[in-house]
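*Asks:* Those letters in the sequence shown? Residues 0 to 106, per numbering that gives the first Met the number 0, in order.
Treat the hints as calculated values from the structure; they're not laboratory data. Do not take every clue at face value.
[Said to hold, decoys possible] Quick list of the computed label-pair ranges, beta carbon to beta carbon:
(1) T103 - V15: 15 to 23 Å
(2) V69 - S40: 29 to 37 Å
(3) S10 - S74: 18 to 26 Å
(4) G49 - S10: 25 to 33 Å
(5) P53 - R26: 12 to 20 Å
Backbone N, C-alpha and C define an ideal beta-carbon position, used for all residues, glycine too.
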Amino acid sequence: MQIYSDVHLQSISVVVQKHEDSSFCFRCPRRVGDGFVFVLSGNGTFSCAGSVFPLKRGDIMLVQKNDAYVTAAGSEGLSYVTTLFEARPENAFRELGLPTYMETAAF
Numbered sequence: 000m001q002i003y004s005d006v007h008l009q010s011i012s013v014v015v016q017k018h019e020d021s022s023f024c025f026r027c028p029r030r031v032g033d034g035f036v037f038v039l040s041g042n043g044t045f046s047c048a049g050s051v052f053p054l055k056r057g058d059i060m061l062v063q064k065n066d067a068y069v070t071a072a073g074s075e076g077l078s079y080v081t082t083l084f085e086a087r088p089e090n091a092f093r094e095l096g097l098p099t100y101m102e103t104a105a106f
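Using the sequences and the hints, build the whole thing.
*Replies:* Structure representation (structure tokens):
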């Protein structure tokens, strides 16, 4: 595993803020690029690589190119910012030892 202080991106193609109601469920069989999802409010679940994580305000999910995952809104709906970018291969999240899911201090 390599350790870097920076993640170098080759291109950023999407940055979007969205709100989904409680019926939202997104199934991604194979992600087309790297990115993250940052939860602004609401609740839900994020499932990736056999693990299921509860989502709440301040949580971050790092998704890597080719990942399969499911994001579902909970009873409160889900507001979030999501991105799509290309990281250099040597900066792949798992190569850097970064987790798929992180909790942050509530903002």
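*Asks:* All the hints need checking, so say for each whether the structure fits it.
*Replies:* Hint check:
no.: 1; hint: T103 - V15: 15 to 23 Å; verdict: 20 Å, holds
no.: 2; hint: V69 - S40: 29 to 37 Å; verdict: 20 Å, violated
no.: 3; hint: S10 - S74: 18 to 26 Å; verdict: 37 Å, violated
no.: 4; hint: G49 - S10: 25 to 33 Å; verdict: 30 Å, holds
no.: 5; hint: P53 - R26: 12 to 20 Å; verdict: 18 Å, holds
Violated hints, listed in ascending order, are 2 and 3; each of the other numbered hints is respected by the structure.
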